[in-house]
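A.B. asks: This is what each chain is made of:
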Amino acid sequence: MQPLFDSFLFGGDWNPEQWPEETWERDIEMLEHAHINEATINVFSWTLLQPDEGEYDFATLDRIVALLVRHKFNIVLATSTAALPAWLVRTHPEVIRTESNGRRHVFGGRHNFCPNSAVFRALSGELASRVAERYAGTPGLKAWHIGNEYGGGGGMCYCETCAEAFREWLRGKYGTLEALNRAWCANFWSHTIVDWADVVPPVEYGDGIGTEKSVVSGLLMDYRRFQNESQLACYVNERDAVRRHDAATPITTNLMGTFKDLDYFAWGREMDVVSWDNYPGMDTPASYTAMCHDLMRGVGGGKPFMLMEQTPNQQNWFPFCKVKRPGEVRALSWQAVAHGADTVQFFQMRQSIGGCERFHGAVIAHDGTEDSRVYRETAALGAELARVGVSLMGAEVHARVAVIFDWESYWSLEGCVGPTAGFQYPQEVHRFYRALHRRNIPVDIIPSTTALAELKRYSMVVAPVLIMAKPGVGEAIEEYVRGGGRFVTGYMSGIHDEHDLVVPGGYPGPFRTVCGVWAEEIDALAPGDAIEVRLEDATVHGEIVASIMHLEGARALGVYGGGDFYAGTPAVTVNEFGQGRAYYVGTPLDQAGMDLLFGGIVDELGMESYVTPDGVEVSLRHCDDGRAFVFVINLTGLAQTVALPRLATGRAVLGEACDWESCDLGPYEVRVVAVG
Amino acid sequence: MQPLFDSFLFGGDWNPEQWPEETWERDIEMLEHAHINEATINVFSWTLLQPDEGEYDFATLDRIVALLVRHKFNIVLATSTAALPAWLVRTHPEVIRTESNGRRHVFGGRHNFCPNSAVFRALSGELASRVAERYAGTPGLKAWHIGNEYGGGGGMCYCETCAEAFREWLRGKYGTLEALNRAWCANFWSHTIVDWADVVPPVEYGDGIGTEKSVVSGLLMDYRRFQNESQLACYVNERDAVRRHDAATPITTNLMGTFKDLDYFAWGREMDVVSWDNYPGMDTPASYTAMCHDLMRGVGGGKPFMLMEQTPNQQNWFPFCKVKRPGEVRALSWQAVAHGADTVQFFQMRQSIGGCERFHGAVIAHDGTEDSRVYRETAALGAELARVGVSLMGAEVHARVAVIFDWESYWSLEGCVGPTAGFQYPQEVHRFYRALHRRNIPVDIIPSTTALAELKRYSMVVAPVLIMAKPGVGEAIEEYVRGGGRFVTGYMSGIHDEHDLVVPGGYPGPFRTVCGVWAEEIDALAPGDAIEVRLEDATVHGEIVASIMHLEGARALGVYGGGDFYAGTPAVTVNEFGQGRAYYVGTPLDQAGMDLLFGGIVDELGMESYVTPDGVEVSLRHCDDGRAFVFVINLTGLAQTVALPRLATGRAVLGEACDWESCDLGPYEVRVVAVG
Amino acid sequence: MQPLFDSFLFGGDWNPEQWPEETWERDIEMLEHAHINEATINVFSWTLLQPDEGEYDFATLDRIVALLVRHKFNIVLATSTAALPAWLVRTHPEVIRTESNGRRHVFGGRHNFCPNSAVFRALSGELASRVAERYAGTPGLKAWHIGNEYGGGGGMCYCETCAEAFREWLRGKYGTLEALNRAWCANFWSHTIVDWADVVPPVEYGDGIGTEKSVVSGLLMDYRRFQNESQLACYVNERDAVRRHDAATPITTNLMGTFKDLDYFAWGREMDVVSWDNYPGMDTPASYTAMCHDLMRGVGGGKPFMLMEQTPNQQNWFPFCKVKRPGEVRALSWQAVAHGADTVQFFQMRQSIGGCERFHGAVIAHDGTEDSRVYRETAALGAELARVGVSLMGAEVHARVAVIFDWESYWSLEGCVGPTAGFQYPQEVHRFYRALHRRNIPVDIIPSTTALAELKRYSMVVAPVLIMAKPGVGEAIEEYVRGGGRFVTGYMSGIHDEHDLVVPGGYPGPFRTVCGVWAEEIDALAPGDAIEVRLEDATVHGEIVASIMHLEGARALGVYGGGDFYAGTPAVTVNEFGQGRAYYVGTPLDQAGMDLLFGGIVDELGMESYVTPDGVEVSLRHCDDGRAFVFVINLTGLAQTVALPRLATGRAVLGEACDWESCDLGPYEVRVVAVG
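Sequence lines, in order, name chains A, B and C.
814 is the number that the working numbering gives to position 242 of the first sequence; each next residue is one higher, with no gaps.
759 is the number that the working numbering gives to position 187 of the second sequence; each next residue is one higher, with no gaps.
829 is the number that the working numbering gives to position 257 of the third sequence; each next residue is one higher, with no gaps.
The reader is advised that the hints may include incorrect statements.
Stretch by stretch, here's where chain A covers chain C in the computed footprint (C-beta under 8 Å, at least three residues) [claimed, not checked]:
| id | segment |
| --- | --- |
| 1 | 797-809 |
| 2 | 992-1005 |
| 3 | 1063-1074 |
| 4 | 1088-1094 |
These are computed hints drawn from the structure, not numbers from a lab.
The beta-carbon is built from N, C-alpha and C at its ideal position, and this holds for glycine as well.
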């Protein structure tokens, strides 16, 4: 597709307001030497721009922008509303969020506004408007960046303003108290609501069980939906303010992968381009990072996205922060591109000397020179992106497999009180995704409510732990399979309806017919325990839960082993349904189990797949003209060998020519080959 | 004795108010098919019954009752006061409890009232009165159920209303500040009280150390006593309201075994029949459950009790909830009966689809059919209880051994700041109890202040970790032993007086003479460490603490091994005192050690005992006519073998005849034999 | 030097106000039998002394003092202000501290005043004044004891009074908001302050990240400095009040070793004599205790100090409290003396029967007799101190090695958000100290701002994790090394300036030239991971972090092993600089590594050193007349052997004569030898 930008943006956050002005020019020169062509600015300058309610001062920002223009930098310009000024909290204490314990914050931190605060909406909108009015049309301005990492301040707001707005929201949604009480099953523990004023947010000192669960889970689900919409309304408010002054420049805000609190599919619909911040930890598998990229691309409707932030070296906020190994940042950058990124941006250009992020890596580190390993690696990456990047832009990922990611199932699964506290939603999605990634099968990540017509584009649709089946989802899946699709789901799926009420009649509810199984009971395993599953000729293991199932037309692919009373009963099943097949995985299989299961499906579908060593990834982006780029990336610190004979006919775009029958990859080595 | 009910109640909680009315009749039919004859209703319906302060509406409850009457169900009717209506919290915010952190709750949860709230007392009493007035005399009404699981809402109330009432309570108890200061040793850290208004509940932001300890422990002890009495007064208030309308039907509330916050011996005195909720976790030993049953029977003065709740399948509130294995619920039900239960009731009849308990097992599960394993097992159990249950009712447990359980020692032991944080009171009681249970010795559990005349009914009295020796207790025990009794106590016993002050003069204070030992020091062991004890010819181990003791007339049965400075000194002693003997166990012995010690005492007393495999229990209930029922229950998931030749002459009541010289028991198998 | 006291004080806290008056005389007699000659009194009696705001009552204290005078006891007299009276909190709620969560305490606990409370300052000063006025000149009065364990109540105060005083303090320190914003790097996350009123203490619900970190770390550092000064002002306020009535008697307060919140070097300057409370836990190495003694001596400018408290038996506040082994308290007492203590005092004389410390050991235990092991050991210790103690008093420790301990680096290092959460400042100081202790090298502990002239007294200066290099420190160290000194520093040193801002230009900032290395990156290791270091011919290990370094004139003594990308690069370096040498330790070396490194330096310097088994300590105190006492102490429970032939010519002061070529030491054995 047509790329959004005319050049490959390589750069990231630059915060010159933390430094004496006389140092700025030198920064820019050093960045230019590293082939950096973009600066993201004005992310945290609200107080400088507006030192008092009625007073605005753009002098410093004017000089920063002028410098960048002079150097022909591309600019991503933020609205600066992600951290409240101290004076604003002092003069309007209600502008800041209130924790689940009922404590309203005082000044401090960031991402800390109450999303329903009228004063926040007014002042942030006004600031965005003034910034846009002043800088629209600036040469090199490539994108507007609204706020920053919405919701990253530690949780939802529970203040009285939010409570009141929530009551209105409920009234709009349900109309009558009867409908509300029914949706919430509110007669449980006499939680019946007789007046809208009775509704209290799910605070820890009320109906909340911690912050992730609630006695009445419908209350929590609705509060999460409401808070998501409230945050989104803050974004839309600023976006619209900007758009009034600039009709064309793309507008975005930076997302955070599998961040729980916001339903990014809803956000993606309001963004011109998705951008996101990729911060894998030292134990994050390459496949998890890949999944996040695919999710973010999915949120953007499949279009290329911006890698708005990554670190050029170690992070600072993990308890233990390893430095990035030589080549590691390069490999991660190319992984992002391989999954659809059309920019490579960092946080940040120059390392802070104060503030809690001062031990976070930067292109220009505390030594302040071009001598550091990090600077040199960045410059080398910049050089190769300058050479290769533009040709890739707009190229698309073509996937025949879709994995469903559903934020409401995320909230619902982790909100269950029983049968186990062992689930983390994204980890369970990753459990299925990993088996596809290991075979280098391209994957799209889609919302659960994807229309049948869209589903039909895929040979396989995977729905891990899709505990909430919203209206129409069961029907669409049935139709999809009937028409020849492969559907894979399993434990904990199909249990709740859109109100987080159990669908009566036996699990997996709306997927029971298509899967041809009844999961009568869900046994929980103690932490560390595993249950044997005999799958084909192998013995693999499940953990966390084991669904105790009855075949209702399906055939057992695997059965439980071990000595428990349900040994010998089905653990993994397949059901021939119409022209297609539906698989049900009764227990969270280990990697070997998932590999075996998905290997079979992939083979049966005749999908092209390459099994590569763990952490070695082969990806493709397809250009409109039929050409494609193949990315072979070793995301490990060890030497690896791959056999990819089909690449023999390709043209080495990055890396020297090699023998693809047996190609050695050094640690973090990247190869890009043009084919077709 | 004469049974309280005319039939064996088999049923439990039914919450039709959560369901459309058209489903009720079908529920009842399904329950009837499972031989269920009882429904506990109206537990959580306050808002439905009283949608506003001046408005009552019994229409729904009328229809529920009418349906049950039509089906000749037995009814346990609750007063519905265990969960505050949202409107009541909205209109009277002070009605709800305040946490130890000073935060008053908002609406949510259950068991959440302030027990000293005047409005709660008035409205709950009024509701109980109206319910009783309306439904007294209902056919099948078997018992009134006041509130529900008192105190189960997460802790004591620390609000200003409670504080003020507490000051009055103290004034009544102590009369003068001099007496108060002396009882609290209040000059410690200058905690001297010069005005009653100075007294502050032991909140976390005051004198509390967390919620379980306090700088001045006398303050915490008195606050616990006061809160216990306050909760009890709420029960009594409703009970009396009911009794005004119904002179005869038994009144109860459901207790919770070893629940810490309430002194159930005080509660038992106010209840016509004790009922309780038995929820063993997946690691709870059968002996611990047995101990709880015996404790609950003891709280009821030895009379048969009601098993008001247990789950027909997995619980939901543990972090990891295993499904109950086939036969397990049956075995647990019969274990309850063996220990004195005259009912078997479940929570609940139909599984909720909303609310935080929706993953808690139910007779009718989410599938809603009679096809589930749980339903079928319940029905089978119902059939056999219908056949056998009535004949057992009123039969008594005859015990020659008493174990003392003392709630104030519970609070005191777990309130100690030093010498170890390693103690959980019920686990230490169980440590002694288990050795008796393993030999299938019937045990009564009694309060520490049991009169000498009562003590004399027992051949052995065991007082584990009886850290608080209330006035007269030492004297009674001395007299008991002098007259020929066996007394077993040990580490951490006899240290505190009724004010939680150390009894000066050397541990174990009032038990020093009778035990003939002085425990000079109490050494603490690190977690995971054990100390060798050479007991008779065996080497066993102690943990947590080791008392360093001097013999003062006693004889050492065991000495410490290992290389520490007190190796070779007494670890376990016996003292010949009058006609009896007193044993002192200096360290928490492991199972082998306790088995050896109690084996010797039991043999010396010539008590009948059967050593059975762990988890296999043999119990007796005695009828007035001299007959007895012997219950042989395998509470494990493994096959077991027992030799009980004395049962050869009995008549198999449950289970087929077998060779009692070597009887195989399948997993969870139950056999009942009538003898005598 | 001239000793401060005319006799060796042996005694400690006595709290007769907790007991009936008729027991006091007997206590004193028992104490006399144990050779106890001192009582510390009136520590927690505020309410008794002042039962209401306008009312004072010294009658009880008069009688206590009279009794002690009659028995010719030495007296340490406290001002009784360390625990607020309940009535004072009731009448002036703002007198008590507010937690980091914004919750103001109610009555309870101790050490609980707001240090900026005007009413506290006024009333505590008034009480101190009245006590001093009344008891100045009392025979036997040896010292005034202000408050007690300042800061030990659980943290800093965050109330509005403190906030307001903090703003004034900042205004005084910085003068302008421009200076404040620059010092705090406040444009980070738009934390720019536009009005002094914007400043909020680093509360958890503001800028604090827990209580130990903050978004703007300069805010936290300044708040810590401000709170330290506020507490110190409370001490000074009372001290001055006492001094007005007593011109000569030494005034002290008891410190707590490596307690974090107070900068004891500032306190030491305000104290006539340092006293401290030594409470090693069951796993505390002897070397750590030694370090604490040296630190306390250093805080007092090298003068002998008072061991104000230790326990005669087990503590009570650890989760698991072992009894002290036979001889252990004696060994700990002599260790204190060996490091400079001129008193041996206990908490406490008689064991409380109430309050949270009732399981804390005491000379007279709960048994109340002279028969207990603890009593007998105390008496034996008293006898030998009575015999030997006076001759040691005033003798000094002579050290050629100094270790820098810097409270601001303590706060700064533990305040870092990244690169690791693995550091505890005192443990890292101990990591270096231990290597010296193991060779029995006497050590002085000094502040980081010690003047060059003072530094020059030492052959070696060690600066572990000196993350904050205050102005002049780098210059002084350079000059010190240039003049021939040995300087040892390493990982995490030299990173921050006095504002907690990173010193730009490359780590270790001001130590880069002298050390001749540039530490480009700091890699973090996962917990439990270790990195190989090849040091001389040995393989040792580092943990937590590894500095990745470039030699800039230095020579590598050790290089990293293992397979990581910086294997083979320098891990430990030495730089010849002027006449001296500077060592840089790039990673926290294990004990073997530190031993090897320091062994080399010590040998090179030709320092006298004795390697003794772990836990066996050889120390010296030097008298003005040239004589010295050598203390050989086995601080372990095992038999040990040492070879100290140089002691052959000495005179056994404690312990019988022995063959010093191979001297066996029993568990906890102590030998004192006079030499010279």
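A.B. asks: Would you pick out the hints that fail for this structure and give their numbers low to high?
C.D. replies: 1
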